[in-house]
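J.: Residue numbers (this note's numbering), protein chains in the order written: chain C, 7 to 447; chain P, 5 to 201; chain X, 1368 to 2068.
Don't read these hints as lab results, they were simulated from the structure. Just so we're clear, the structure is a prediction, and the values are computed from it rather than from any experiment. Heads up, some of the hints might be wrong.
Here are the simulated DMTMM-like pairs of lysine to aspartate or glutamate, each with C-alpha atoms no more than 25 angstroms apart in a straight line [unchecked claim]:
1) P:86 to P:188
2) P:197 to P:173
3) P:86 to P:113
4) P:140 to P:173
5) X:1904 to C:415
6) P:86 to P:154
7) P:140 to P:113
8) P:197 to P:129
9) X:1904 to C:315
10) P:140 to P:129
11) P:86 to P:190
12) X:1904 to C:324
13) X:1904 to C:104
14) X:1904 to X:1916
15) X:1904 to X:1938
16) X:1483 to X:1576
17) X:1904 to C:384
18) X:1904 to C:399
What follows is the residue order along each chain.
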Amino acid sequence: MRSRHFPLWTLLGVALVVALVVGSGLLSSSPPTAAQRASAIESVIRCPTCEDLSVAESSAPTAVTVRATVRQLIAEGRSDQQIEDYLSARYGSSIVLDPPASGWSLLVWVLPVAAGVIAAGLVVAVVARRRRCGTDVLDADVRGPSTDPVALAERRRFLTQSLSDADAEYLAGDLSDADYLSLRQRDLARLAALGPVATSADGPGAVTAGTPGSSELSAVSGATATGTLLDDPDRVAGDVDARVEPSVDLTDRARRRGRNKWFLVAAVGCFAAALALAVPVFSSHRLPGQSATGSIDLSPSQQVQRSLDQAAAVENQDQLGEAAQLYQSILDANPDNEVALAQLGWLEYRIGQQGASTTLLNDARAKLNQAAVLNPGDYAVHLYLGTLLLQLDGNAAEAVAQFTQFLADRPPASVVAQAASVLRQAYLAAGRPIPSQIPTV
Amino acid sequence: MTDLATPPAPPVPPSPPPTRHTARWAGLLILVVAAGLIAVLATRPPATVSEVQNPLVGHASPRISGTTVDGSTFSLPAVPGKFVVVNFFASWCIPCQSEGPNLVQFNFEHQQSGDAQLVSVVFDDSASNARDYQAKLGATWPTLADSGGDLALAFGVRESPSTFLIAPDGRVVAYIVAPVTAADLDQLIARAKATGA
Amino acid sequence: MNGTLGHIGVLLGFAGAVVGIVVLGVGLARGRTNTLRGGQVYAPVILLGGLVAVVAMEHALITHDFSLSYVAQNNSRETPWLYSITGLWSALAGSILLWGVVLGGYATAMVWRFRKRAGDELVGWATLVVYVVSAFFFGLMLGPADPFTHVVGAIPADGTGPNSLLQDNPLVLIHPPMLYLGLVGFTLPFAFAIASLITGRLDEDWQGETRRWTLFAWAFLSMGILLGAWWSYQVLGWGGFWGWDPVENAALLPWLVGTAYLHSVMVQQRRGLLRIWNLSLVVAAFSLTILGTFLTRSGVLESVHSFSESTIGPLLLGFFGLVLFTGVGLIAWRGDRLRSAGGIDSPISREGAFLANNLLFVGFAFVVLLGTVFPLLYEALNNGTQVGIGAPYFNRFFVPVGLALLFLMAVAPALPWRKSSVEVMRGRLAVPAAIGVLVVVVCVLAGVHGIEPLLAFGLGAFAAASAGRSLVLSVRGSVRAARVGGASTGRAALSGWRGFVGRANGGMVVHIGVVVVAIGLAAATSYLQRGTLHLAKGQSTTFAGHTVEFVGTRVVTSPSRSSFQAVLRVDGRGMFYPAVTQFGAGTSTVGTPAIDSGWRDDVYLTINNIPQSSSGSGTTTVWTFGVVEQPLVMWLWIGAGLIGFGSILSAIPGRRRRPTDPVSAPVSGVAPPPDPELDRDTGSPDDASDDRLPVGAGDAP
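Sequences and hints are given; from them, build the entire structure.
T.: So, in structure tokens, the structure goes:
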């Protein structure tokens, strides 16, 4: 069974390490961008007027001011520590959510680590001492055999119970042969070391030293007083070889198993140490816009959609120039993206109108026409085209044609409401009845 | 009982080692630490009145300048030459409302002697609300709008009302985070003068 | 009249506790069993007193009796009946009343459960301890925390109403009672621990007898904490659900220690080990509930959750000191003489895993306690300068501890008792480990980045698969037992349900719930996206894959609140109404978020800025909305439900087994016929019944 599983575990280990290395971004790490730095700093600065929240999480006006200041300071080229010091100089040191690692507050970092190290050290010391002292003497007896009959009786009960426990576990297959033998030998030795049993003062349940099994034990397994369960015919089938030469064969196997076990422990320990180093190192980089330790990759179409969303958001904030640039970059990568085309055309129209630039206006018209060809069913393009035709060319008839198509494309009512005045204008100018879809302004 | 002179077959340690008192020492340690913790907790003032220290005290004050709620500009030089009381307030802040008349009184007293200038700054509130509030109060001193919150950040203001006293040489000499009275301010000015501000 | 009735109730409770203390004291000092039996009757008296006071207060709240100052401050004529009822625990004095009545309930239940052993000295001491705690809390209500004080001066026509944040959401009806059922419940194991130490009878299985009480308290505390997180999420407006706030930490600390205790008490029941350690855990858990009560109500730490400051701080601190000194003192005095007879055989065993679990939980509790009180310590040491400790500090320790605990949760269910070897474990854990690694690989291929969430997902899958393996084995074992017992195949298959109940199997369901919570937590905190949307009416935009359209506004008024709401359509489907709400006239407004919860993610919307009605510019004014998109938040609440469900399963008694049956053993009493084809590892997990024979009892009782 062991040889069957070994390649599986190696394979699992390798797959895990490779996946973690790829997933942690180790291979593609780059110095943090300004946005990443801002996010990281904002998540450790307390919002001045809130309780418990960082400025990254809060929408209070003071938090907005601090965020803006942080970004400005990053643009000026200050380091993270300098920015934290700048804010501490004004708000006091409690503005930083992470206690500084100096002075008294070093305690708050050192104490937990020290406690952990001490606890681990205690555990290791206890395990090592037990190994060193040998297993003949019960741990409680290291202090010396108690002469207190109650304590003695309790220890006898404990050891007897342990023996029958071990038998039941072995019967059910939870203990391997070597483990069962070693536990049994050790508990028998301890029982013998307690000395011969005194009189009836011990009460019921005591066991005489010569018989390593209690009545309960015999009832369970049918073991004889002198033998071990290894000879028990009722035992669940297992290794036949173990029954033949138990002592020699098992010790040898036990030694080999011991070596393999330490090797595995060492491997796991190295892995855990590597993780412990990797986790804080790679989790400190914040990816854009997130106060997080990770990100989710987008497929190409999702990326395009995200860029479109970004551009639309910027356009909403009336930053037309920036929005136009964003759309242009989308188009550079995806020349056939008709949404970008239509929006960019519309933006160029608006900018061209503001600056009365004929080149822009002509380009706008070309783009919108191209977009209309690419996707005739898009209501937005028709709205834009119609508006352009009406306002730029004064061509009401063509505008109405576009608007009719616009209405036929089933636009949402809010959009119709927004465009209502332009629509009415066009229909009136062309002398056509105003469709009922258009609400009265 | 075993006979120590001739030990029988089962091995017995020659002499009992000293008994361990782990629980006792561990318990004692925990009790000492707990006593310390309880002593600290027992002597803490409630958080809402504990003194939030402002690191500006004793240092040069930030420049006080900006647009007032009326739309004009106001600015003080870095070395103002007289005491300046900077009061951060909001129209919805109840302690500020109780403080308002005191400021009116203070301003009236010192306007004539000219040794102290009162400036109010809007904190976490809209300029129009603040303007109405000041008008109702009858405030005649400048009220800066601080729409971006930059002045509040420069002073490290976390709550209203917050009042700073600036000496004629530009240093911040006092910081009060509770409603002030005219007498409080006069006392602080007198103390600052006495210590050679 | 309400006030008088309430005072009578409180006095009755207090008197019952004090007389009970005296009677039991006499009985214990003189060794008279009849007196001890007589002392048990005072527990129902305490409960009665508490109930009378609760009825009086609820009556006053529902009928808006403003002659009581508590009602005047926490109720108003417009308050809906639901929030009138919850007014009982909305403020400090009422919360002490709730504590008192829950404590009376637990005392009565304990006295009833042990009525047959009422003459036993140990039961007598335990009841005495419960009476002392009750006397303290009812005593508080006679003095500084009196809920029934009369208004000074004229009776107001209308009260000020409850705190705005406490009448925003119906969860206020459930969260505090559950939390108190949990916190107060830790009094019982503490009482038994003190009794065991005083009487020196540590070898009997009192911990096991009170196991169900402890599980009950722990389950309610878990639910209380998670419901509190859900409530914060829905009300506070920043999009998060856990802020490492001092009040949140105050409830978390006893939970951490309680979870450690629930695991290590199993080692004590099975092997009789770790007795002193378990006693220490119980004392620590109860002391932390008192410390938590102090931190919440004394006002030394600022928190958005805390009650108003009052004078009961020093009294609570004094009681904390008394509890801690008594418990630790007794352990220090008795501990060395009452050690367990043996030790843990091997680190690779279930005992070893539980010990590691304990070290991690207790270690993390230490970190949380240190982080919560350190600002106070620093201030004391440094003469007034302050330091801030917030979420980044706690998260830094929480992530490695959480990952290590996930790993332990995966390995421990497959570990047998006593001793095991790497070979046995490798065989048993091969499939769960493969599932874990597979999940990591799939996530990386799907584009998920970040080492911490990847580890969380992988280890979580590993742990869930390991728990699933245990459950499958247990179900199979039940089915086989039924077949062996003579049932037909169909009925045997149906009796597989038994594989889900009982301590170990219910525990596996709880573990699966914890894994679901962990995965939700990892995803929500690692991949959240925050943003602000500037929208005019009719505009829409997209954020993080969702479209948000600002449709319009509306105003919703009711007698108790007026709410100015923005109507937002998310993804073209649902309408959501983030709002700015004012409760009652003249109070400040609070922002109310709106949440679009989905399986994949939550979209959390708040109003950040309403444009001032500008001077008739005619252009569309732009509103500012805050939006937070967090994946898998729903999983947190689903996991919480699983934890509760698993706790219920755990309390249902499993099949009658002998207490020393090993992990993989078949059903007791019927040894299976020797079957060479039977794989060695197809038994059912350990599932000791509740009537655990104490070690050394010899014959069955």
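J.: Against this structure, judge whether each hint is valid.
T.: Now for the hints, and whether the structure bears them out:
no.	hint	verdict
1	P:86 to P:188	holds (18 angstroms)
2	P:197 to P:173	holds (11 angstroms)
3	P:86 to P:113	holds (14 angstroms)
4	P:140 to P:173	violated (33 angstroms)
5	X:1904 to C:415	holds (22 angstroms)
6	P:86 to P:154	holds (24 angstroms)
7	P:140 to P:113	holds (20 angstroms)
8	P:197 to P:129	violated (34 angstroms)
9	X:1904 to C:315	holds (18 angstroms)
10	P:140 to P:129	holds (16 angstroms)
11	P:86 to P:190	holds (13 angstroms)
12	X:1904 to C:324	holds (15 angstroms)
13	X:1904 to C:104	violated (41 angstroms)
14	X:1904 to X:1916	holds (8 angstroms)
15	X:1904 to X:1938	holds (16 angstroms)
16	X:1483 to X:1576	holds (14 angstroms)
17	X:1904 to C:384	holds (22 angstroms)
18	X:1904 to C:399	violated (30 angstroms)
The structure is inconsistent with the numbered hints 4, 8, 13 and 18, although it conforms to all the rest.
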